[in-house]
Amino acid sequence: MIELIIPVRCFTCGKVISSLYEEYKKRYEMYQKVIASGQKPKETPKEILDDLGVERYCCRRMIISQVDLLKEAAPYE
Amino acid sequence: MTRYKCGLCKKAVQFDVKNIGMQCPYCGSKVFYKERPTIAKRIKSL
Amino acid sequence: MKVKTVELKGNKGVLKIEDTDVYFVNSLRRVMLAELPKLAIDNVIIYDNTSALFDELIAHRLGLIPIPTDLQTLVFRDQCKCEGKGCPNCTVRYTLSKEGDCVVYSGDLQPEHPSFAITENTIPIVELMKDQRVILEVEAVLGRGRDHAKWQMVLAPRYRMETKIQVDKKHINEVKAFVEELPKDLVELKGDKLELKDPSQKSILESYLEKHKADYISITKDPSKLLFSFETDGSMSAKAALQESINILAKKYEEFRGLLKDL
Chain A
532 MIELIIPVRC FTCGKVISSL YEEYKKRYEM YQKVIASGQK PKETPKEILD DLGVERYCCR
592 RMIISQVDLL KEAAPYE
Chain B
319 MTRYKCGLCK KAVQFDVKNI GMQCPYCGSK VFYKERPTIA KRIKSL
Chain C
14 MKVKTVELKG NKGVLKIEDT DVYFVNSLRR VMLAELPKLA IDNVIIYDNT SALFDELIAH
74 RLGLIPIPTD LQTLVFRDQC KCEGKGCPNC TVRYTLSKEG DCVVYSGDLQ PEHPSFAITE
134 NTIPIVELMK DQRVILEVEA VLGRGRDHAK WQMVLAPRYR METKIQVDKK HINEVKAFVE
194 ELPKDLVELK GDKLELKDPS QKSILESYLE KHKADYISIT KDPSKLLFSF ETDGSMSAKA
254 ALQESINILA KKYEEFRGLL KDL
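The listed protein sequences derive, respectively, from chains A, B and C. Heads up: the first sequence is residues 532 to 608, going by the numbering used here. Heads up: the second sequence is residues 319 to 364, going by the numbering used here. Heads up: the third sequence is residues 14 to 276, going by the numbering used here.
With the rest of the complex left out, here is chain A (with noise of 0.2 Å):
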């Protein structure tokens, strides 16, 4: 089944991430925005990545990776 939602753990160690996704999500949103108007970002999803505390890289695929579907699915019960 398509991930609907951030899985709560990481699949390969297990780490809690998706406590970190939405604000993940909120930096990397204004780091397109920035992109799009042609500025220097404050900080590169690498980065971001970092200051999370997301170290390897089995974690941070999860992350990266994330496309939320669940607006999509939520009208039907």
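It should be emphasised that the hints constitute simulated quantities derived from the structure, not laboratory data. The model shown is predicted, which means the values in this text are computed figures rather than measured ones. It is possible that part of the hints are untrue.
As the list claims (entries may be wrong) - Taking lysine-lysine and the DSS-like style, the derived pairs with C-alpha atoms no more than 27 Å apart in a straight line are: (1) B/Lys352 - B/Lys323; (2) C/Lys111 - B/Lys362; (3) C/Lys143 - B/Lys323; (4) A/Lys602 - B/Lys336; (5) C/Lys224 - C/Lys252; (6) C/Lys143 - A/Lys556; (7) B/Lys352 - B/Lys362.
Dock chains B and C against the given chain A, drawing on the hints supplied.
Chains B and C in isolation, oriented as in the chain A frame:
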């Protein structure tokens, strides 16, 4: 008789289980959701 | 055996263990993974769920939430006096009730007693739209990592042997040329010795050695000197988890010795 909810107008309707070709008497829609039973469901978290 | 604490605060622990063997540290690692008890949500009683996710999926997500665990006050359910019925000695109960438009977080689980309040309270469980609601009750019980990963408290316990990089003195000029090719701040050439600036970057050096076929540089590992590091998921501090796993390991050795006496 089983209780259903119409997928279009969300009204509660009842049908016989033997009934073939269900249709909502209010809006004519053919999509239905089965209503959730009121008893608590106990499941294991796996 | 010599143990030096490099870091042991919060959820992270790094120990330097010397004069030991790999098998001993590995037994500690395996106790941490499989034997250390922890609280996790096991039974979920769902009264109503009109959200987009299935009951089972919500139950699974609830199970993975880390719950602060005090092993002094709790016992396993199958060893409890209540004979598996579930009493305050072996079970922690939470209730959750929320109606849309909102996001249901792990912090919305209301504990029976405030001391069991969930510390990691920003884990999203499910997103609710208008007119959707979730009403449920959960029971958390003690369990071990060998039964289910949700009861595994320690994550990514690992150890690394100390490495020495040896250089063939006859080829010192080739070594110098090789070091020039490497990325900056990877290694340092001290006389006829090479030293890694960050020991975790060893694999990068290895890949360069392979690429350049530099057989005049050899890496040797010392299995008596280990760097052991681990993390916890937040249900216990790294220090408490380490002490608890050592107690379990000691108890196991004690039990084994008792059995050998009767032979």
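* Asked: If you draw a straight line from the CA of B/Lys352 to the CA of B/Lys362, is it 27 Å or shorter?
  -> holds (23 Å)
* To do: Quickly compare the C-alpha distance for C/Lys143 and B/Lys323 to 27 Å and report which way the hint goes.
  => holds (17 Å)
* B/Lys352 paired with B/Lys323 [C-alpha distance capped at 27 Å] -> holds (6 Å)
* Under the criterion that the straight-line Cα-Cα distance not exceed 27 Å, is the pair C/Lys111, B/Lys362 satisfied? -> holds (21 Å)
* **Restraint status (C-alpha distance of A/Lys602 to B/Lys336 at most 27 Å)** => Answer violated: A/Lys602 to B/Lys336 is near 36 Å, above 27 Å.
* Restraint check for C/Lys224 with C/Lys252, where alpha carbons must lie at most 27 Å apart -> violated (42 Å)
* **Distance restraint between C/Lys143 and A/Lys556, which requires alpha-carbon spacing of 27 Å or less** => With Cα atoms ~23 Å apart, C/Lys143 and A/Lys556 stay inside 27 Å; holds.
In this structure, the earlier hints numbered 4, 5 are contradicted, and the remaining ones agree with it.
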